[in-house]
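Peer 1: Protein sequences appear in the order of chains A and B.
Here the first sequence is numbered in this note's numbering, starting from 1 and rising by one per residue.
Here the second sequence is numbered in this note's numbering, starting from 1001 and rising by one per residue.
Source of the hints: derived by calculation from the structure; they are not laboratory data.
For the chain B half of the interface with chain A, some residues (derived, Cβ under 10 Å), not all of them:
| # | residue |
| --- | --- |
| 1 | T1017 |
| 2 | D1019 |
| 3 | R1022 |
| 4 | R1029 |
| 5 | E1104 |
| 6 | L1105 |
| 7 | E1106 |
| 8 | I1109 |
| 9 | G1125 |
| 10 | D1127 |
| 11 | R1156 |
| 12 | L1159 |
Derived pair list, reagent style EDC-like, types lysine to aspartate or glutamate, alpha-carbon separation capped at 20 Å:
| # | chain 1 | residue 1 | chain 2 | residue 2 |
| --- | --- | --- | --- | --- |
| 13 | A | K434 | A | E413 |
| 14 | B | K1145 | A | E7 |
| 15 | A | K255 | B | D1072 |
| 16 | A | K174 | A | E199 |
| 17 | A | K168 | A | D186 |
| 18 | B | K1145 | A | D4 |
| 19 | A | K445 | A | D126 |
| 20 | B | K1145 | B | E1116 |
| 21 | A | K233 | A | D214 |
C-beta atoms are modelled at their ideal positions from N, C-alpha and C, and glycine is treated no differently.
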Amino acid sequence: MSDDDTERSIRDYYRSITPTDASRVQAEVQNSIEIRRRKAVSRRGVWQLGGAVGIAALLALAVLSAPIVLGPAATPRLIGPVASAPTMSPAPTASSATPRQSSLTMRGSWITLLSASGAGAVWSADGAYLAMWTVPTSGPSEDMLLLDGNGNLVRPLDADKIVWLNAKQFILQKAGVASLGSVDTDALTPISYSFASAETLTNDHGAVALSVPDPNSPDTFHFMIWTAEGVTKALEGEVVAWSTDGTEFAIWHPKPATGPGGVGFQDTGSITVMAWPSLEQVASVPGTDLVAQETAFDPSGRYLLVSNLGDAGSFVYDLQGRKVVGPEKIIGVASWQSNDNLLVPGTNGAVNTYRLDTSTIATEDGIGDSAISSADGSAIATYFSEDYSGIHPLTLIRNGTRLSVGVPGGLEEAPVIAANGSGVVIVCLIDYGKATEHTELLLLKN
Amino acid sequence: MATLTDDEVAQVLVVQTADAYRLAAWILRDAGCAEDAVQEAAMAAWDARNKMRYADDPAAWFKKVVVNTCRDELRRLGRRQRIPLPRTLVDAGRFERSFCVREELEQAIERLTSEEQVIIALRYGRDLTIPQIALLTGIAQGTAKSRLHHALEHLRAALAAERRIEERVQ
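Take these sequences, add in the hints, and give me the full structure.
Peer 2: Below you can see the structure in the form of structure tokens.
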């Protein structure tokens, strides 16, 4: 076969590849964008969730509880405080500000305390409080409520955005003005520093990393660390993870983009680790062509997980030993388990657990294509991220016990787990695509 | 420099989906994988729309995202040692060569690196020139040329080997 024949064969081969009708794919993309836009609206008012997100995967020795199915979706409405008792009482027929008790039963060690018309929530550092924003009853603004960990209303918060500083203090932003607040008092102390549109990442110990893109070069970031005592100088990079004790943070340094128009995607870059508050560089993760999706410290702070789409695959870097450890070329976006094992959602609902010490792998089928955990790695939720029809399976695991939950509709966003694993907020998207479409917020406590 | 609103970004992504699907199908040679890749690329582009809205050519920017997504998918498939044959896409009636040649080509392409597979698909599926391939994949023209040359050598060798086996059998 001549060179020309070879090239002709290759060309013919590719021309024989005729995709099926693309209109369905087009419709799916359009739908997905619409969903993202709705999610963006529902997330308005939250700053980035604090703390490194670890993963727990107590896949072995788990006791499967009887699955429960959540109650029927309620009409969207603003609700007020809710009762803490985990009873089966029906929703009261009082005004819209009246508490609506959970319609769920208690299963295993998890109790559903709140079923509300909520759009999202963010936990305080110790899981004792949470800020929840509700679906607006009128106008574009969402309402933000401060609740205790059992779902009882502490007070409404007049704010567009919130970021927790620690167990009790938080920063609120309203119309561009930032204030320091506390769960113990209604009083707010104005903050002179303007947070503007910075990406924020709290260490849950009083410091907040502010990452700001360069307006002239969207690929270039600078960051500062804010505390009540002041703000550090601007340094190059974007803070992407804090250690759970708040003493170290990881910084992403993207390379200049090379794509069309000088704008690229999945740009490569490198990662360094700095100590806080000294701002001394403590590590430089190997690789200058990383395509990092997620970066997370393990609960002990010794290891840094880089979920990487680049050639090296995902890997674990030992910050003490200064070397890559564990299984080679982990595929997928991995997360931490409390005992320094890795959890990696695989394909077809399978979840893999990698043991760092032995490099062995255990696989469990049918529990989700996504997983998320508490920062301390003690609690984990596995779920299917893109299914918005019927009853959506979600698995909660903590301390060796497991609860299988049937969530109505689909998950509007990833479950929000308190840093210590004591509570989970789930926002469901119900009746997707119908006139009755709405979100429902569930609060489960362990 | 264009600055697109969210609505305009969404419109570009939806309008470009059909072409992106063809592109993904050539690279991945599997309808299901191509659908997933386009969906993933569109969502990634939407999430990164603050970059896309400033691109000189947003449609070309999205194509680059699609190519990158497909390349990553090829890497994942390669690590799993599972690359499905493109039977769902191949129209045997339009294919002028023998079934054996097609099988040989499929297997030979599967043995290429993900980067080489992308370049072969862009060159012979999309009919792009070397400069166009370099622009779309973000690599230097020389790199694109050498990768294409290397890939072709591999394919020629594979086809020649299969032909020798056939001749011996006959």
